[in-house]
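**Q** With the first letter of the sequence shown counted as 1, position 373 gets the number 407 in the numbering used here; the numbers rise by one all the way through.
I should point out that these hints are in silico values taken from the structure, not numbers from a laboratory.
Keep in mind that this is a model prediction, so the values were computed, not measured.
Mixed in with the good hints, there may be bad ones.
[Unchecked claim] Pairs of lysine to aspartate or glutamate, EDC-like flavour, derived with a Cα cap of 16 angstroms:
hint, residue 1, residue 2
1, LYS82, ASP505
2, LYS565, GLU476
3, LYS417, GLU476
4, LYS82, GLU416
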Amino acid sequence: MSRLVTAQEVVPVARVRAVIGDSRRAAVAAFAVIETAGFFFYLVAARKIWFFRDDWDFLAARGVNLHDLLREHGGHLVALPLLVFRAMYWLVGLRSYAPYQVLAIGLHLTAAALLRAIMRRAGVGPWISTVAASLFVFFGTASQDILWAFQIAFTGALVLGLVQLLLADHDGSIVRRDWLGILAGAAALMCSGVAVAMIVVVGLAALVRRGWRAALFHTAPLGALYAAWWLHYSASSSTTVTKASVLVDWVRTGITAAFDGLGQVRFVGWAIALMLAVGLVFAWRQYDRAERRRRGAAISAMLIGAFGFLLISGINRAWTGVQFAASSRYLHVVVALLLPALAVAADALIRQWRVLAPFALILALVGVPGNVAATGKSFVGEKYFAGYEQMVRSLPRMTLATRVPRDLRPELVNAPFITVGWLLDAARSGRIPAPRASTPQEQLTNRLRLSLEQLDEGTGTRCVPVGPPVDRDVVAGESFVVRGAIAVQLIDQEGGITSAPVTFGATFFTGGHDHTLRDVAGVPLALRIRKGQAKGMLCGSSG
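Produce the entire structure from the sequences given, and follow the hints as far as they go.
**A** Here is the structure:
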């Protein structure tokens, strides 16, 4: 016979629910404070950085026509970030890098919020979810994706992929949210190849929770779209690695670096990995089969996706060396995919043994100071960026800039997409602000950059390795061939000063073949040549 619930029994239940509700709201409020603190922290950390390397492809080498939108960049489809960059360039030009960086920082913080939502949906407690997501907020080891504006290509694909995952993570048939998920996945594909791994994650999660029809719905159209683009625009330009041992080393390097990045302190990364393994076993035991599918589909798919992402990136990038798997840009994605499983594992262990809560918290927080300190370590120093900005601003103000070929590239190492013509047009439009007064050495270095044109052609003959510095006088219009890389200085014999060294020849962007250097200033040049990092050689004249 059922028993009536007395008023005295209802009151404690109501109080418990109120306490739980207050705790959840407090956890959300705490995470909002952490996100806000993260935004201002990264905004301050970003001040030393300026437009750099791949940024210039979006700014100086492409328009918004269909060909430029679909053209690959390093094997990636980057149409959406390109559109964003072009809009920002139209609005603010090069007057400040901060608005561009705000986009990258905002996407990183959005990813953290989405990760917390995934953890909560998997049944992780509000405070454990907040702590785990906060680790991602302050994962400064991955600051390349947070502070470098170009990396909205990676983070944008991650964020949109997480959106698709959340929209696809439900029971039942195809509904409107699934169609919105497809749109998010398509937008992710237009950001970078990170989307390929994220689509695999979504497909696995849908397969486990909803079956093959939902999985095909969320993957087949996007896979066909990406394959059509890749075959037409990227297949012929890709350098791939398929050797199993190399790929295994690449994945192992990336996973190890991810745990080391989270732990920072020696052996803490191993302890976090152990917590993940043991905790997932207990999480598996705590729920029946149906509940595992509902709670664990997305988490399991993301865990597998972390390895899948590294495998995909290894196929395309392992030729650079397996240590590149530990680079900041990859760790950002890998840790994002690992963290929900770590949160589930920690939550399961704490539910089993409350006494472990302080130890789990210590493991989570011990790496935060190291990650905060690591923020920005992937970039060159502030002094370099200051000089770099001065160079870009002052080059189009040089009188010589109007007399040399418009397609001359004055900086081949970190801005090979910039041409003199683009600089002149941008300065004329006001999008490149006026510089401070240049020093005599800066003026001489600019003159060197505008006087010596590098052509990606020519075949060296009678090549001689550059050992000690070599002084060479180049007559007006003379050209010679370089094999490898050389560092060149211009000597002002009247003023008694020498320019800063400028690298010519083989670089990551210009390739390793022979290059022809030609005097386009129309005046003799007194050069001092040193060997560069790629064993520079001077070859015979090509004209």
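**Q** Could you grab the alpha-carbon distance between LYS82 and ASP505 and see if it respects the 16 angstroms cut-off?
**A** At roughly 36 angstroms apart (the allowed maximum being 16 angstroms), ASP505 and LYS82 break the hint.
**Q** What's the verdict on LYS82 and GLU416, does the C-alpha distance respect the 16 angstroms limit or exceed it?
**A** It holds: about 5 angstroms lies between the C-alpha atoms, which stays within 16 angstroms.
**Q** Just to be careful, I want the Cα atoms of LYS417 and GLU476 compared with a cutoff of 16 angstroms; is the pair within it?
**A** Judged against 16 angstroms, a Cα distance of about 14 angstroms means the pair holds.
**Q** Decide if the proposed pair is consistent with the structure: LYS565 and GLU476, CA atoms, cutoff 16 angstroms inclusive.
**A** violated, 22 angstroms
When each numbered hint is compared with the structure, violations occur for hints 1 and 2.
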